[in-house]
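There are 4 protein chains.
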Amino acid sequence: MLSSSIARIGLVGAGAQGTEFLFPALMQVPNATMVGVADVRAERAATLAARTGAPSFACVEALLDRCAPDALIVACEPDAQQAIAAMAIDRGVAVFVEKPPTLFVADLRSLAEHARAKGVVTGVGMNFRFSSAAMAIRDAIAAPDFGELVHISLTYAATKPKLPMWNLTSSFHSFMLAQTIHPLDLAISLGGVVARSDAELVHLDHDFAFAKHNLTFERGGLATILTGNVFPRFDFHISAVGSGSKVVSSTSLWSVDVLTAGDEAAIGSMKRGERQWRPSPLDSGYARAGYLQELQMFVSSVIEGSAFPASFESLIPVYEVIESALERASEPCAD
Amino acid sequence: MLSSSIARIGLVGAGAQGTEFLFPALMQVPNATMVGVADVRAERAATLAARTGAPSFACVEALLDRCAPDALIVACEPDAQQAIAAMAIDRGVAVFVEKPPTLFVADLRSLAEHARAKGVVTGVGMNFRFSSAAMAIRDAIAAPDFGELVHISLTYAATKPKLPMWNLTSSFHSFMLAQTIHPLDLAISLGGVVARSDAELVHLDHDFAFAKHNLTFERGGLATILTGNVFPRFDFHISAVGSGSKVVSSTSLWSVDVLTAGDEAAIGSMKRGERQWRPSPLDSGYARAGYLQELQMFVSSVIEGSAFPASFESLIPVYEVIESALERASEPCAD
Amino acid sequence: MLSSSIARIGLVGAGAQGTEFLFPALMQVPNATMVGVADVRAERAATLAARTGAPSFACVEALLDRCAPDALIVACEPDAQQAIAAMAIDRGVAVFVEKPPTLFVADLRSLAEHARAKGVVTGVGMNFRFSSAAMAIRDAIAAPDFGELVHISLTYAATKPKLPMWNLTSSFHSFMLAQTIHPLDLAISLGGVVARSDAELVHLDHDFAFAKHNLTFERGGLATILTGNVFPRFDFHISAVGSGSKVVSSTSLWSVDVLTAGDEAAIGSMKRGERQWRPSPLDSGYARAGYLQELQMFVSSVIEGSAFPASFESLIPVYEVIESALERASEPCAD
Amino acid sequence: MLSSSIARIGLVGAGAQGTEFLFPALMQVPNATMVGVADVRAERAATLAARTGAPSFACVEALLDRCAPDALIVACEPDAQQAIAAMAIDRGVAVFVEKPPTLFVADLRSLAEHARAKGVVTGVGMNFRFSSAAMAIRDAIAAPDFGELVHISLTYAATKPKLPMWNLTSSFHSFMLAQTIHPLDLAISLGGVVARSDAELVHLDHDFAFAKHNLTFERGGLATILTGNVFPRFDFHISAVGSGSKVVSSTSLWSVDVLTAGDEAAIGSMKRGERQWRPSPLDSGYARAGYLQELQMFVSSVIEGSAFPASFESLIPVYEVIESALERASEPCAD
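Residue numbers (our numbering), protein chains in the order written: chain C, 1 to 335; chain F, 1 to 335; chain B, 1 to 335; chain U, 1 to 335.
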């Protein structure tokens, strides 16, 4: 728990993600102040820092030394993020990194263990989990009349990456770390502990094109994740059905609809109960897609010294499903 | 009131409308039996009649003489319909005609007066008024929480006719009798007596392309009808707002949605109440678009000797708006 | 091949399905004539037959003896259908039955073998396969720019049956024969020979509630069918993605959309190519949901003596998937 | 034209609009730098200014004196805005104000004349005109195959204000200045010079509830604006039809669809051409709703010394329609 009610934040990585999402969202978190920016490309760091009058640095150590931040918010390549996270944890500084936090579950486990030992708050930028639609879906599922979760369907339609990234040899591995991590994390955050998982793949010309991930939750209920880089444009749909014969769904994070059983014949009386949410035509900023809420909650966790839901540790089950899928994929598959 | 519980129906006109809509819908009306078919093209009448074993005729008089129908259901050109309606009324036989029943309001008034004098049940094929969506909208508007009707918006997008029909000289007049009659009739059936109406037109190369009809109802409330033959495909939308801050709307007669004020901020709790109707994926037959209900109600009116809502008389206010618009259109207009 | 260009049809079963779907759709098939109606409840047969002047019967043999139909169209319970189909085939009379044609694959194989030996045309009422949406999707998938089929997603949301039917002991088995048969048949008709299938189930209080069927096609590509009786209302969605980065989808059989990759950034120029289909607001009759086309094609097959696509034989792979799923379900499952 | 390629911006008004929309959008304009913040509530000014290290002031004169801004961006009450704009123009400083810039057209004309005489760039925050959807619609209308504009339909559904604001006595006047100004401005920016306008109103309990504005454009074509405070939630729809039988429409600024005539019968071949735009599920920031583009274009105009499209002068025709509607409303109306 901080002595101050304002968290001092150091931003690391002044690339596209840092500049277009993390920085402007952070500017709207009331109990945070940006105390410095670091990027190995010093000019980019300086340009971004100039917007707030904060100092800029070409290396993270300097930022840590000079600015005494309470937390780092990091948007770099995974290898760099892993090293920066380790450094922050060593110094007892809270750390939030963009996804993927590491390339392998073993490294994630080490970092999570390290953070636990040091009592450091950690976070990963799983913005889907904090989107307005996901939060409404979580509430709808938790409502008593929803009943037990029966099935969650997630379609995460991507157009890239098509080639391996981050020195990995598998395009499927890269794709899962860059993209599948989002619907997997959301499914697990809604469904709970995974009892069993498998994956089916389609390759085109030996390159990864499409995957279906089948999850069974310990408490009952299934999830199906349909994803791949073969789609014509980026899109996301989620739908969950519960034992109370209710369906809650969202299209493109732009809507939430709750569908309830009604009197099928009663067109006149329209008895079928429904609820829906739509954002305003003027919806702006960083809340709807989850960027603002994840930073607000992370900053609050830093100030209070409490756990942030999307901690390093919380991602371990997601990585376990990813690595399990990767093992199966190295076996002969539908091609 | 008939002595029988089954109405004997003569079908007049075995063209597209009679064969594809009226005949099959009539076959599903339980308390009706088709006793004969007439069409000046005797072969068409015979082909259609053969499906049921009923006799066929080349002229209506023969059908009336031989089959003693309780009612005629007619789908011909307006001039023929007017003559056939007059003949049926003269004989005390109920008569239902496709729209438009006549070309001019004076003729419609005469027929309505004739029918009233003879105590004959009349009807016009205003199927929009009897569609599942329109009936649900009527119910929603009548619900106490809807409040007073404030405004009805109807967009009736057509692609034809582009040229004058039925020996009329005005393409706008033809268009109103062939198309605008539907949204006008629906607006008036929902809003009541018209206190005032006007129309604004757009012509392209001197041909009618688009019209906006503005109605003010006596009991308060407005209607706007946007229509024309310039649209890329046939479609229909309706939306009504009431003083209770409720909106009820339908897209393409495929949906009905009731929108109610809620807590704008409450995405989590989704308090905004909504109701909706959608037809089944397997929806088939003639009910949804109103063809079955209009015939069922007409047949019931014939059997009971009661007034049918879409009577000749009920169309007189629609024709008055049409002829008023026509007068204005003969003045110089936006071209 | 018939000597006549008009097929003589005997209708067997004057219950809801026969009266509300098969009979009126049949009335719109131009090259068919209904020559008799049979139902063990003689009164129902008589009522339906009276609409066309055809004779009615309380047993199928009498209809076959007296009316010499070219084909029977049958809507009864599966056991009766199986016996009637066998009788028709024995006599060389073509036969079309509602789904499910039999309860077990062994019986279906026997009937199909019998029909092949006798050279008899057979058919099953798989109307989804003949719906306007399914035909448009089939065309879109066959277009060269769609590429190879990568994945088909089918969500078939049902509300019933919840209990075993037809003297079966398994509610899952009954559900598959009553409902899953539709999306399975459609998936296989689009994807081809099934190389591998499995199913995952969710039971609630030991009763079947939800199933996911995973198919792998021999020529490559996957299918996922999500279904169950736990849903709040009946609905159907299908979406297919191809290696050409195209998606074709339909919601509720009311729409077809083809989505193509475009320039993501180009909002101004709107380069992204799309095609879509919507039925008219006035869409009526039996074509959109497939009832008319299946009968038209069956009647043409009868007249020409050619194979009907949804033959008894064509359903064997569907039953193989069903029985394979049933075997797995008898093992312990997620409950 | 500025000597620098970076415009020095003073922000006036640190209330909700300034803090939540103008400030964060301004932070993303690359060629702008915020040099000071002024608000009569000095604490609010200081809080906002602290985010960037800029100085804050309790009065605009001080900001102008000390910071030498190239432009003011102002979000205050209309009276204050008018005074601040006059002061800025006097000093030759460009000025952008939130809507409404003034309460009366006479004042707007004076300011516009003043700015023209001084050669000062002015702007009004008409963000709808700069939204992604509006820009795509403008492009679609300008495309040759759209043809002549026939009709624009705008539904601007609001829930407030219900009572007079800004010391005005008419709730209708307040509503038009607070809300109707947006769809009127957008309609005029798409349709051109207004030849004729009228308005029809609905009052409930003597309070303004609903208005329909009918516009006729000089170059041909009509517009209909449906608006009011009686709606259950804020929403916005626009649809335009052109003589080329094309429709371009947007729902809630979340979509743009272009609908083109096609072969109605061709469900299989899906020939009907369509284009559509949807924002990404992750769409964030201030571009989609137009806040970023209006500031970017204003800043570019300031730097280049060129006219900004949404200048004070450009709003005069909008105010003329507003005042004309107000005159009519003071006559007896449908109540």
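Hints in this document: simulated from the structure, not taken from any laboratory.
Please note that the accuracy of each hint is not assured.
[Stated by the list, open to error] To list a few chain C residues with every Cβ distance to chain U over 12 Å, as calculated:
1. Thr47
2. Arg51
3. Gly147
4. Asp283
5. Ile316
[Unchecked claim] Quick list of in silico lysine to aspartate or glutamate cross-link-like pairs, DMTMM-like style, CA-CA up to 25 Å:
6. Lys160/C / Asp283/B
7. Lys160/C / Asp257/B
8. Lys160/C / Glu43/B
9. Lys162/F / Asp145/U
10. Lys160/B / Glu320/C
[Said to hold, decoys possible] Covered stretches of chain F (in silico footprint by chain U; criterion: 3 or more residues with CB under 8 Å from a CB of chain U, positions within the stretch not fixed):
11. 77-91
12. 151-157
13. 279-288
Note that the structure is a prediction, hence the values are computed from the model and not measured.
Every residue gets a Cβ at the ideal spot worked out from N, C-alpha and C, and that includes glycine.
message: Next pair to validate is Lys162/F with Asp145/U; report whether the Cα-Cα distance is within 25 Å.
response: holds, 19 Å
- prompt: Any Cβ of chain U at or closer than 12 Å to Asp283/C, or is the non-interface label fine?
  reply: It is violated; Asp283/C is separated from chain U by about 7 Å at its closest Cβ, not greater than 12 Å.
task: Mind taking a look at whether chain U covers the stretch 151-157 of chain F? Criterion is 3 or more residues with CB to CB distance under 8 Å.
output: Answer holds; 4 residues pass the 8 Å Cβ test.
- prompt: Regarding the assertion that Ile316/C does not contact chain U, is the least Cβ-Cβ distance greater than 12 Å?
  reply: holds, 25 Å
- request: Given the hint that Lys160/C pairs with Glu43/B, test it: the Cα-Cα distance must not exceed 25 Å.
  value: Distance of about 64 Å is beyond 25 Å: violated.
Assertion that Thr47/C lies outside the chain U interface [Cβ separation over 12 Å]: With a cut-off of 12 Å, Thr47/C comes too close to chain U, as the shortest Cβ separation is near 9 Å.
- request: Given that the stretch 77-91 of chain F was listed as covered by chain U, double-check it with a C-beta distance under 8 Å for 3 or more residues.
  value: n = 0 at 8 Å, threshold three: violated.
- request: Report holds if the minimum CB distance from Gly147/C to chain U is greater than 12 Å, and violated otherwise.
  value: Non-interface label stands for Gly147/C: nearest chain U Cβ at 28 Å, farther than 12 Å.
query: Hey, Lys160/C versus Asp257/B, does the alpha-carbon distance stay inside 25 Å?
result: holds, 22 Å
Restraint status (C-alpha distance of Lys160/C to Asp283/B at most 25 Å): Between Lys160/C and Asp283/B the Cα gap is close to 40 Å, so the pair fails against 25 Å, i.e. violated.
field: Non-interface claim for Arg51/C, where every Cβ of chain U lies beyond 12 Å
entry: At roughly 6 Å from the nearest Cβ of chain U, Arg51/C sits no farther out than 12 Å, so the non-interface label is violated.
query: Are the Cα atoms of Lys160/B and Glu320/C separated by 25 Å or less?
result: Violated. Lys160/B to Glu320/C sits at ~37 Å, over the 25 Å cutoff.
This entry does not satisfy hints 1, 2, 4, 6, 8, 10, 11 and 13, going by the numbered hints stated previously.
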